[in-house]
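A.B. asks: Here are the chains, one letter per residue:
Protein chains: 2
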Amino acid sequence: MTRVAIVGYGNLGRGVERSLKQNPDMTLVGVFTRRAPESVATEGAAAYTMDELLQKKSEIDVCILCGGSATDLPVQTPEITKNFNTIDSFDTHANIPEHFAAVDQTAKENQTVSIISTGWDPGLFSLNRLYAQSILPKGETNTFWGKGVSQGHSDALRRIKGVADAVQYTIPNTEIIQKLKSGEKLDLETRDKHFRECFVVLQDGADAEAIKEEIVTMPNYFADYDTDVHFVSQAELNRDHKAMPHGGTVLHTGTTHEKTKQVIEYTLQLDSNPEFTASVLVAYARACARLAKEKQFGAFTVLDIAPKYLSPIDDATLRKELL
Amino acid sequence: MTRVAIVGYGNLGRGVERSLKQNPDMTLVGVFTRRAPESVATEGAAAYTMDELLQKKSEIDVCILCGGSATDLPVQTPEITKNFNTIDSFDTHANIPEHFAAVDQTAKENQTVSIISTGWDPGLFSLNRLYAQSILPKGETNTFWGKGVSQGHSDALRRIKGVADAVQYTIPNTEIIQKLKSGEKLDLETRDKHFRECFVVLQDGADAEAIKEEIVTMPNYFADYDTDVHFVSQAELNRDHKAMPHGGTVLHTGTTHEKTKQVIEYTLQLDSNPEFTASVLVAYARACARLAKEKQFGAFTVLDIAPKYLSPIDDATLRKELL
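Here the protein sequences come in this chain order: A and B. Just so it is clear: in the first sequence, position 235 is 234 by numbering that gives the first Met the number 0, and no numbers are missing. Just so it is clear: in the second sequence, position 23 is 22 by numbering that gives the first Met the number 0, and no numbers are missing.
One should not assume that every hint holds.
As the list claims (entries may be wrong) - Derived lysine to any residue pairs resembling SDA-like cross-links, with alpha carbons at most 25 Å apart:
| # | chain 1 | residue 1 | chain 2 | residue 2 |
| --- | --- | --- | --- | --- |
| 1 | A | 146 | B | 256 |
| 2 | A | 319 | B | 220 |
| 3 | A | 260 | B | 150 |
| 4 | B | 258 | A | 270 |
| 5 | A | 146 | B | 220 |
| 6 | B | 241 | A | 21 |
| 7 | B | 260 | A | 9 |
| 8 | A | 292 | B | 291 |
| 9 | A | 319 | B | 139 |
| 10 | A | 137 | B | 244 |
| 11 | B | 137 | A | 21 |
| 12 | A | 184 | B | 244 |
| 13 | B | 319 | A | 319 |
| 14 | A | 146 | B | 150 |
| 15 | B | 292 | A | 103 |
| 16 | B | 146 | A | 174 |
| 17 | B | 260 | A | 137 |
| 18 | A | 107 | B | 240 |
| 19 | A | 260 | B | 292 |
| 20 | A | 184 | B | 291 |
| 21 | A | 20 | B | 292 |
| 22 | A | 258 | B | 319 |
| 23 | A | 146 | B | 183 |
| 24 | B | 260 | A | 21 |
Simulated from the structure, these hints should not be mistaken for laboratory data. Just so it is clear, the structure is predicted and the values come from calculations on it, not from any experiment.
Same shape as in the complex, but just chain A (with noise of 0.2 Å):
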């Protein structure tokens, strides 16, 4: 049995908590929180402060920590795996190779395992961006997300002054992928790729047109897309936009010899980008507790760790059923 900690407790720890019962090869000691315990509605698992972690330090195997990465990862992570085994989705981008080194170190200096930034991107299209491209080297990637709920970008929406709610969908160019599929070498701009789509909630006496103007402006969110802009009224955007469904396509297309086309893709298309990104977390999990048996020490990404370590199956079956 691998014992967990759910370390924060909002939609990816209950997705978390969720796929936990899915796997009974691993059991789940608590959810920890900053919250007041008895605020957290968990669906059945026992809540406890931050404070209690260390105490129950010898019942916990691996720590799944499901803060965010703008503020909470890059100081959870290195702290919490000066005690425990952990595991990250810490997505930004441009920070995993600083994140890594802190983690590393301190996961050397205290003999745990760290396995950061994973889920599905960064994550399981990394994965497949690596076994593409090692594959077939005179080829080109193109990561495709959607159709599917940004939390980036609806941030970035309910930030403007005048906007009560929103959601936006980023949408993926299917036309695109099917040229590129079909072998059709394109010079791709950041808008040919995907379009944008906001459903807004105004406020009371917003200005509607001015809204708009600042929305499909704004630089680094929309002003390098198409994007739509639909003003709904709150009940609408409670019934028909809370899900949180994602997905997405990393499509390589390379050439072996002369004009042989060879095409792979990895497409997900899923109801909950949560519940899956959890999903992800937990099988990562158990690779955790593996590495950390075999006193395998320091950070990794997905990109370290040989499939095997992720399934409960004896290598023998594996071998048998799966080859």
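Position chain B against the provided structure of chain A, taking the given hints into account.
C.D. replies: Using the frame of chain A, we list chain B on its own:
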């Protein structure tokens, strides 16, 4: 530089020769063949007899074995692994455990590394089944092959009395794939997943109707499928059906909570099956040389090997660029 020998030179061996030219960190020592070396039309590589392989031991890091699974590899892989690190594409599913055991023992006794059953199925498809099932344990995996030429089924056609030549295409039922992706629960029989299409050249005086009947009722190969048979001239077969396209899809549909559906799809679309398989073998040859340098002796499969071992790029750069 990883120094590679190609053992056996058919379509797969030629594919390896082509792939090595795309990988600047790898170099080809030569092609080793049971035929008269001067009769082997390589694309530039020196050709040698099998007897010369051992003489060149000090110049070779990895032998890529390009023989067939029926009779070559069961003998060759253990034999050559006595003196060399090896890669093979052994794909007789039922005999993989036995083959692994034989090669593992030889490799451990002789301090060599062998990666067996490499390619796309077994190989990349096996990997994807493992990742998907480990992440979404409550789910179902279906593998679809094609559209592509099945060598085994084409051989079966050519063994029929009265058949001069033949090519068989395996065709996936795309309607079923779409239904599975949209979450339908299906109770699938063999007949539902694939069609078979045969292009057959008759010998003079052969009875077309009798041969058609013999094909569609052939146990194991065709009886369980809906099979179309087309009679064509040798010229038409040569013109339209001598390419070796293939591909397929590993589709895993899972649920993470109640009705939350999550779909993982991995699809290959290959203009040349042997060239793609060869490219996979070459990437794993790189891994093989690395494992040998680390003195991790024994037999491995793709399930045992961390993704980063396939890449010529250093770990820090991989983290920076791919995560």
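A.B. asks: Of the hints given before, which are not true for this structure?
C.D. replies: Violated hints (numbers, rising): 5, 6, 13, 14, 17, 18, 19, 20, 21, 22; every other hint is consistent with the structure.
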